[in-house]
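A.B. asks: Build the full structure now, drawing on both the sequences and the hints.
There are 2 protein chains.
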Amino acid sequence: MDFVARSPVVAVAGATGAVGVEMLKCLEKRNFPLSSLKLLASKRSAGTTMRFRGEDLPVTELTEQSFAGVDIALFSAGGSISKAFAPAVAAAGAVMIDNSSAFRMNPDVPLVVPEINPQAAAQHKGIIANPNCSTIIAAVPLWPLHRKNRIKRLIASTYQAASGAGWAAMEELKNATRAALDGKPFTQTIIPHPYAFNLFSHNTTVDPVTLANEEEGKLIKETRKIFGDAEIRISATCVRVPVLRAHCEALTVEFERPMSREEATAILSDAPGVRIVDDIAANHFPMPNEASEQDDVLVGRIRADMSDPSGHSLQLFVSGDQLLKGAALNAVQIAELLH
Amino acid sequence: MDFVARSPVVAVAGATGAVGVEMLKCLEKRNFPLSSLKLLASKRSAGTTMRFRGEDLPVTELTEQSFAGVDIALFSAGGSISKAFAPAVAAAGAVMIDNSSAFRMNPDVPLVVPEINPQAAAQHKGIIANPNCSTIIAAVPLWPLHRKNRIKRLIASTYQAASGAGWAAMEELKNATRAALDGKPFTQTIIPHPYAFNLFSHNTTVDPVTLANEEEGKLIKETRKIFGDAEIRISATCVRVPVLRAHCEALTVEFERPMSREEATAILSDAPGVRIVDDIAANHFPMPNEASEQDDVLVGRIRADMSDPSGHSLQLFVSGDQLLKGAALNAVQIAELLH
Numbered sequence: 001m002d003f004v005a006r007s008p009v010v011a012v013a014g015a016t017g018a019v020g021v022e023m024l025k026c027l028e029k030r031n032f033p034l035s036s037l038k039l040l041a042s043k044r045s046a047g048t049t050m051r052f053r054g055e056d057l058p059v060t061e062l063t064e065q066s067f068a069g070v071d072i073a074l075f076s077a078g079g080s081i082s083k084a085f086a087p088a089v090a091a092a093g094a095v096m097i098d099n100s101s102a103f104r105m106n107p108d109v110p111l112v113v114p115e116i117n118p119q120a121a122a123q124h125k126g127i128i129a130n131p132n133c134s135t136i137i138a139a140v141p142l143w144p145l146h147r148k149n150r151i152k153r154l155i156a157s158t159y160q161a162a163s164g165a166g167w168a169a170m171e172e173l174k175n176a177t178r179a180a181l182d183g184k185p186f187t188q189t190i191i192p193h194p195y196a197f198n199l200f201s202h203n204t205t206v207d208p209v210t211l212a213n214e215e216e217g218k219l220i221k222e223t224r225k226i227f228g229d230a231e232i233r234i235s236a237t238c239v240r241v242p243v244l245r246a247h248c249e250a251l252t253v254e255f256e257r258p259m260s261r262e263e264a265t266a267i268l269s270d271a272p273g274v275r276i277v278d279d280i281a282a283n284h285f286p287m288p289n290e291a292s293e294q295d296d297v298l299v300g301r302i303r304a305d306m307s308d309p310s311g312h313s314l315q316l317f318v319s320g321d322q323l324l325k326g327a328a329l330n331a332v333q334i335a336e337l338l339h
Numbered sequence: 001m002d003f004v005a006r007s008p009v010v011a012v013a014g015a016t017g018a019v020g021v022e023m024l025k026c027l028e029k030r031n032f033p034l035s036s037l038k039l040l041a042s043k044r045s046a047g048t049t050m051r052f053r054g055e056d057l058p059v060t061e062l063t064e065q066s067f068a069g070v071d072i073a074l075f076s077a078g079g080s081i082s083k084a085f086a087p088a089v090a091a092a093g094a095v096m097i098d099n100s101s102a103f104r105m106n107p108d109v110p111l112v113v114p115e116i117n118p119q120a121a122a123q124h125k126g127i128i129a130n131p132n133c134s135t136i137i138a139a140v141p142l143w144p145l146h147r148k149n150r151i152k153r154l155i156a157s158t159y160q161a162a163s164g165a166g167w168a169a170m171e172e173l174k175n176a177t178r179a180a181l182d183g184k185p186f187t188q189t190i191i192p193h194p195y196a197f198n199l200f201s202h203n204t205t206v207d208p209v210t211l212a213n214e215e216e217g218k219l220i221k222e223t224r225k226i227f228g229d230a231e232i233r234i235s236a237t238c239v240r241v242p243v244l245r246a247h248c249e250a251l252t253v254e255f256e257r258p259m260s261r262e263e264a265t266a267i268l269s270d271a272p273g274v275r276i277v278d279d280i281a282a283n284h285f286p287m288p289n290e291a292s293e294q295d296d297v298l299v300g301r302i303r304a305d306m307s308d309p310s311g312h313s314l315q316l317f318v319s320g321d322q323l324l325k326g327a328a329l330n331a332v333q334i335a336e337l338l339h
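Here the protein sequences come in this chain order: A and B. Under my numbering, read the first sequence as residues 1 to 339, first letter to last. Under my numbering, read the second sequence as residues 1 to 339, first letter to last.
Please note that a few of the clues may not be correct.
[Unchecked claim] Cross-link-like lysine to aspartate or glutamate pairs, in silico, DMTMM-like; alpha carbons within 25 angstroms at most:
no.: 1; chain 1: A; residue 1: 174; chain 2: B; residue 2: 61
no.: 2; chain 1: A; residue 1: 184; chain 2: A; residue 2: 171
no.: 3; chain 1: B; residue 1: 174; chain 2: A; residue 2: 182
no.: 4; chain 1: B; residue 1: 148; chain 2: A; residue 2: 308
no.: 5; chain 1: B; residue 1: 225; chain 2: A; residue 2: 171
no.: 6; chain 1: A; residue 1: 184; chain 2: B; residue 2: 254
The set of hints was computed from the structure by calculation and includes no laboratory data.
C.D. replies: Here it is in structure tokens:
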């Protein structure tokens with residue numbers, strides 16, 4: 001693969017999913033220098049077309065033969081698909097940028113947020129992993145603070161959108177809510193708890209030893225790997241709320257040395273991928289409706305943690321688009337690092 | 001007032017509001033021994049009737065003359081109304097049980113959660129304050145733990161329902177959501193931020209010094225007063241979510257000595273006003289839809305705080321009905337303490 005000589009051939013596996021659709025939009029919007037784009041999906045979705053740069057591109061079935069001539073394969077079709085097709089991608093000499101959790105904690109696989117550890121991407125052995133959405137959305141604003149003053153401890157409470165469970169979950173939230181408003185019964189098939197005007201502890205398996213659910217475990221382990229700091233003490237409570245596509249997180253952060261609101265605000269003002277929304281007079285802080293379809297993570301409620309009189313702890317409230325920076329955008333940014 | 005000799009005459013000021021309606025239901029359901037019930041509301045709502053124990057009781061206008069012969073006046077009509085009518089209630093020799101924030105931090109006014117500090121009610125000088133909803137819902141499960149092993153530090157992230165802003169806010173959430181589903185424009189008049197499938201930092205004024213909003217300030221100060229422990233270090237992030245009538249809170253709690261999940265679970269199993277919902281295998285934890293219209297605060301996700309290796313910290317997720325234990329039920333329970 002010689003990206004200096006020519007623009008890469010890019011494949012998107014899972015092109016018709018919620019994240020796949022956003023990957024196409026990101027490639028187009030960022031004018032990604034690709035020579036051709038191959039759209040791959042399950043047999044069920046194959047045969048349709050998707051619009052890209054004014055053309056209707058065919059969606060073909062994802063098979064082991066799909067990767068001939070491909071340089072970069074963006075995967076967002078679930079962990080089992082990523083695992084099943086990784087050998088075919090490698091055999092074709094393509095680099096896999098994988099949005100699933102399949103390879104994230106593999107020590108041979110870089111886990112990359114381009115604003116944080118772009119250099120890690122260069123160490124890849126054929127696969128680069130895209131972190132989990134709730135990890136990325138916290139990590140982008142925390143990293144510039146951590147660089148200035150090491151984070152010792154992080155306590156995160158999340159407010160996560162339906163989109164993390166895919167298009168079908170977003171549609172189910174809307175349909176369940178309409179039924180509730182109409183006083184009609186509705187049977188959910190995607191999300192295991194009533195979702196209309198309701199919230200629930202993240203619907204992933206709870207580890208019987210740590211008692212963290214999978215989402216919480218990802219946030220904890222992936223943050224340490226991305227930051228290259230195995231000693232950060234992290235706990236998380238991950239909750240799904242009836243919001244469509246942007247996550248929020250309430251973060252309590254303890255630093256090695258004192259950190260003031262003013263210093264943190266100054267650092268975050270210059271941080272890539274971050275936009276400060278912290279208007280105390282107007283009571284205007286990060287909200288999912290304003291983070292949706294935006295590239296930046298919104299950060300506000302920047303303040304001293306009143307429960308830590310030492311001045312070492314801050315609290316923040318952040319919001320980021322789950323489908324963009326939480327998934328598709330970050331993956332496309334990783335692809336940009338490769339050339 | 002001699003409650004031994006006769007059942008009290010009870011007045012409800014703000015009877016037609018979201019909390020007032022629930023106060024009537026609680027008085028009826030709990031078979032409160034009242035000799036008569038007087039329903040008071042603003043001029044606008046006066047003239048209607050409300051059903052109580054099979055009778056249609058008239059709603060009359062709240063005036064300074066309303067309290068003749070009244071023994072207990074339950075107020076839930078906003079702080080300015082409570083302040084304005086407190087002298088009239090006192091002049092009539094009645095006890096005011098006030099659901100507003102008007103008197104909560106007044107050192108002469110007991111702030112009472114009957115499961116926690118019932119003895120404080122006896123010290124009243126004419127007014128007993130009902131704590132804020134988010135305070136009560138955290139305090140009920142935290143108190144039995146605190147009694148066994150002092151809480152040094154509490155970090156709370158809330159997920160608060162529309163009902164805290166009244167009936168009109170609940171209706172506005174439904175109407176805004178229906179409009180969003182229909183793709184129609186909708187102008188909110190009650191809640192200052194878009195509420196359909198959205199969430200936002202609690203819409204109360206942010207203190208320019210502490211940077212806590214009023215809701216967070218209440219949770220911090222009221223918890224210390226109710227627990228009689230001014231030293232507990234507390235920080236809170238209060239967020240309103242698109243849920244109708246039950247609040248949730250993610251709590252991180254540091255104790256003076258180690259506290260295990262098993263010990264906390266055993267303590268909470270016997271705690272009044274608490275129901276444990278902590279089914280790890282079924283991924284079934286406290287949810288607003290199951291806390292709604294229930295008297296108990298639901299508690300689950302009871303686990304060691306992974307960010308505190310000392311074993312002194314736990315995390316919990318709680319949910320309680322904002323209108324019942326967060327307001328009306330607690331007020332009626334205070335009234336029960338008076339006889």
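A.B. asks: Please go over all the hints and tell whether each is borne out by the structure.
C.D. replies: Hint check results:
1. A:174 <-> B:61: Between residue 174 of chain A and residue 61 of chain B the Cα gap is close to 42 angstroms, so the pair fails against 25 angstroms, i.e. violated.
2. A:184 <-> A:171: holds (17 angstroms)
3. B:174 <-> A:182: holds (10 angstroms)
4. B:148 <-> A:308: Given that 25 angstroms is the threshold and the Cα spacing comes to 23 angstroms, the pair holds.
5. B:225 <-> A:171: violated (46 angstroms)
6. A:184 <-> B:254: violated (44 angstroms)
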